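Each protein sequence line maps, in turn, to chains L and R.
The numbering used here applies: residue 1 is where the first sequence begins, and numbers increase by one.
The numbering used here applies: residue 1 is where the second sequence begins, and numbers increase by one.
Hints are supplied without guarantee of correctness; some may be wrong.
In silico lysine to any residue, SDA-like type, Cα no more than 20 Å apart, as pairs [stated by the list, open to error]: (1) L:K449 x R:K385; (2) R:K385 x L:P60; (3) L:K228 x R:K385; (4) R:K371 x L:E38.
Here are some of the chain R residues that sit facing chain L, going by a computed Cβ distance under 10 Å [claimed, not checked]: (5) C72; (6) L119; (7) F122; (8) W240; (9) L357.
On the chain R side, residues computed to face chain L include the following (Cβ under 7 Å) [what the hints assert, rightly or not]: (10) M56; (11) L58; (12) A137; (13) A159; (14) L191; (15) T378; (16) P445; (17) Y480.
Hints were generated in silico from the structure; no laboratory data involved.
Note that the structure is predicted; figures quoted are calculated from it, not measured.
C-beta: ideal position from N, C-alpha, C; glycine also.
Protein chains: 2
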Amino acid sequence: NSISTNSSHPRRTGSSLLCVCWTGCRHVSKAAPQAQMEWDYDGPCMKTAVPGPRSMVLSPCSYNVDAINFFCNYEESRGNYLVDVDGNRMLDVYTQISSIPIGYNHPALHKLMADPNNLSTFVNRPALGILPPGNFADKLAESLLSVAPSGMTRVQTMACGSCSNENAYKAMFIAYRNRERGPGGPTQEDLRSCLINQEPGCPDLSILSFMGGFHGRTMGCLATTHSKAIHKLDIPSLDWPIAPFPRLQYPLEEFTRDNAAEEARCLEEVEDLIMQWRQKGRPVAGIVVEPIQAEGGDNHASADFFKSLRNIARKHGCAFHVDEVQTGGGCTGKFWAHEHWGSDDPADIVSFSKKLLTGGYYHKTDLQADKGYRIFNTWMGDPSKNLFLVEVLNVIRRENLLEEVTRSGKALLQGLYALQEQYPGLLSRARGQGTFCAIDIRDDPTRSKILLKARDKGVLMGGCGERSIRFRPALIFKEYHVALFLNIFNDVLAEFK
Amino acid sequence: NSISTNSSHPRRTGSSLLCVCWTGCRHVSKAAPQAQMEWDYDGPCMKTAVPGPRSMVLSPCSYNVDAINFFCNYEESRGNYLVDVDGNRMLDVYTQISSIPIGYNHPALHKLMADPNNLSTFVNRPALGILPPGNFADKLAESLLSVAPSGMTRVQTMACGSCSNENAYKAMFIAYRNRERGPGGPTQEDLRSCLINQEPGCPDLSILSFMGGFHGRTMGCLATTHSKAIHKLDIPSLDWPIAPFPRLQYPLEEFTRDNAAEEARCLEEVEDLIMQWRQKGRPVAGIVVEPIQAEGGDNHASADFFKSLRNIARKHGCAFHVDEVQTGGGCTGKFWAHEHWGSDDPADIVSFSKKLLTGGYYHKTDLQADKGYRIFNTWMGDPSKNLFLVEVLNVIRRENLLEEVTRSGKALLQGLYALQEQYPGLLSRARGQGTFCAIDIRDDPTRSKILLKARDKGVLMGGCGERSIRFRPALIFKEYHVALFLNIFNDVLAEFK
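This is chain L alone, in the form it adopts within the complex (with noise of 0.2 Å):
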């Protein structure tokens, strides 16, 4: 399926640089047939070290800088590569960390941009949860809502992750201590004292989360975040259960029984953490879980963990939160990864972010708060990304490129199980769902040097937990990139031997 491009190009600037491609033009002859993607490039092209001089010198020491990696050209950026402000074309495998969806200046968005309809929505931000703009409802319906998980009918926007998780935590707490109270609604009691942070009105409950977990960084989600010291060091935080996420072999088919007692041992775990904590006084109003834990390493756990762990949930009157802040979107290869558990009711809440370019979360209905300003601040979102999200999902459609998302994976998959055979002691652990791969690299030193020698060879990768390489390609990332990237990188590997 190759995608149908489009009249409107991108804007290219006249740059006249020649570009010497001294990793890409050596590797392109090596892959795979090139279908037809005519707004993306050929493959990377290098001209300097990466941050090059012109990044060099941009620093603006006004900001936060020691995590600035290099400046970007967005102008010159197309499809799968990233171009920076030296004129560096870059294979992008990481993708502004998994959150651009269809590439860079897809031609689809662009066009979108260039309808004078949609202005106003870019211009005027409303107070969508007071103020929503008459074409709300049918956007609502084009994005969110027309991708909802199993089960939701309901959606609630927010601006970014960490304030989806927060409220998605607000909501389960609300309609936790609605159940306990009846229909008798708050006390006096309640009102005055959550007003100075005290029980009734501000309850002792507690969210249940996993150590390698990460749910963002406000307070409430860090409270759930388990994922590096670097994350929560000097944060206060809050009493609640964290459960050890299962540790599994891979590849998982080939070690089931294992991986079987593993995950066994963690929900018995959970089960305790529950009981534990409603004896301290502390009950667990939600369970948090990521589907395929990211920031902490890429670990996986079967359908059979998860559906078990909803029906514990669903046991013990906690709700069941799904975060696929980094997960949905299609790079799994189901546009939820949590659609492989194939539960028709996966969980009570799944919040997103990322790739579907608004944060917010779907919910069951008896996750909505029972009076309106509970849930609620200036913005609840921005329309205009509404307005971004129905045209991703067209193209995604369109292009069918959950499938192409299938068969990249598959292949990025095999090219790490073959690399990993050729560099045992440097390489193990290959895993993935779709494109949503990772592998380990024998100690942290290593894989940070290997990072830096693929990004001046034009291959960009992210690092996450505490020695694994994370591979976030955007939803159009072909086979063929696929090729590419694998001879790129096993050019670098082989530096490591």
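Given chain L, put chain R in place with the hints provided.
Same frame as chain L, now just chain R:
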């Protein structure tokens, strides 16, 4: 000073409905002479009650609908006038909860959208913290840094107000612990314990806030928010100190002695709380305060109060965080409300959002986290909002809008004083700075009726606190808009005499 109009007028659709200006026309004649602002409408124009029949059928039951007032036609809205889907045109004195800086569909913002150089910024949202665009430093310099508060040269953008405050709190916690720790850096015990939410890695630190304060609704912010029960009910919180905010008598200049005594009482309480919480083993890392408590009921305090509070923070080693999410951006007649204090060193952190179009916070150098990934998330703001902000600031400067606000604000407050004398049993406590004004209504049910009645007559206002109405017009709200507003408001009040 008239707004210099621009050739790129907003799109006008071909609505052919006859406009029955049954409130607007009657009052326009009484208004002050109208200055040139061609692209603005010349008065309200009501066709139906609000919400009208078209609004009533639009309700998206898939969304949090309880708070929705009505549906809007943002294409047709212009300047100070919000148009709804039923063709009603209302003078907007609330501006999307104080978040529309220069009115609807300002020509300068449409012009920006028409520039093809800007398109890629909308289409390719980067992970700003790692891969910013090449023009990032320039756009920051032209926008946020050009209006940096006194003593601050650093800024961190975020997606919304809550995220801004959450991350500002984190910056204060990190700085506090780094100072305690000295040059040695975190211990292994710090790094291990933080992953499981425990001390010393997750230290028992606190933020001191004020009764009536509002700083957002995510869990960290919410622990410092004490405005209304509906904002906080059922959400677990933290044992952080809450000081009384001065309850002053208005007009301030008539009650200077009583007010000074009340402020002294509150400041004493602040010092007591800092001491108490230190003894509890939960030291105060920062103090957060609004220059005018907005959601909590437009509560003012004197410049002396804030300068003394800032000194108390300094004396006790607490960072001083001024939350300008609602007060910032010019509505008080100065760009930042804290400028009215006349201090060279007003704060350690100033957070913003709403009229600044992007969230974020300024901070002093010693509140910069020591490592790049400590204050971090995927998007870290949205550079397309920085583009808009550049234009907004240009308009503010070009059209001397801060002077306009000061002038309109005086007229508005004088008008409110006059109405208060005219309706002594109904209105009280008129107060304000610039156009950031408020007045109290005799009780909450009457307030609700007045707000609805005014809306049906073509004026949109908002409530705050227990029985206040707050005025939050755009910066282009001129003296003749004040006159128009006062006429309609007078008519409404007459029905409640």
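Quick rundown of the hints versus the structure:
1. The straight-line distance between the Cα atoms of L:K449 and R:K385 is roughly 36 Å, outside the 20 Å bound, and the hint therefore fails.
2. Restraint check for R:K385 and L:P60: satisfied, since their Cα atoms lie roughly 18 Å apart, inside the 20 Å limit.
3. For the hint pairing L:K228 with R:K385, the CA-to-CA distance comes to about 31 Å; that exceeds 20 Å, so the pair is violated.
4. A distance of roughly 41 Å separates the Cα atoms of R:K371 and L:E38; the hinted pair therefore is violated under the 20 Å criterion.
5. For R:C72, the suggested interface contact is upheld, since its CB lies about 5 Å from the closest CB of chain L, less than 10 Å.
6. Because the beta carbon of R:L119 sits about 5 Å from the nearest beta carbon in chain L, less than 10 Å, this interface hint is met.
7. Given hint, R:F122 at the interface with chain L, holds; its Cβ is 6 Å from that chain's nearest Cβ, closer than 10 Å.
8. Interface restraint check for R:W240: the shortest CB-CB distance to chain L comes to about 7 Å, inside 10 Å, so the restraint holds.
9. For R:L357, the interface hint holds, the least distance from its beta-carbon to any beta-carbon of chain L being 7 Å, beneath 10 Å.
10. At its closest, the beta carbon of R:M56 sits 12 Å from a beta carbon of chain L; the interface hint therefore is violated under the 7 Å criterion.
11. Using the Cβ-Cβ criterion of 7 Å, the hint placing R:L58 at the interface with chain L is satisfied: the shortest such distance is roughly 6 Å.
12. For R:A137, the interface hint holds, the least distance from its beta-carbon to any beta-carbon of chain L being 4 Å, beneath 7 Å.
13. With a cut of 7 Å, the hint placing R:A159 at the interface with chain L holds, because the nearest CB-to-CB distance is about 4 Å.
14. A least Cβ separation of about 4 Å between R:L191 and chain L falls short of the 7 Å threshold, and the interface hint therefore holds.
15. About 5 Å separates the beta-carbon of R:T378 from the nearest beta-carbon of chain L, less than 7 Å, and the hint is met.
16. Of the supplied interface hints, the one on R:P445 is violated, with its beta-carbon coming no nearer than about 17 Å to a beta-carbon of chain L, more than 7 Å.
17. With 7 Å as the threshold, the beta carbon of R:Y480 stays out of range of chain L, its nearest partner Cβ sitting at about 23 Å, so the hint is violated.
Of the numbered hints listed earlier, those contradicted by the structure are 1, 3, 4, 10, 16, 17.
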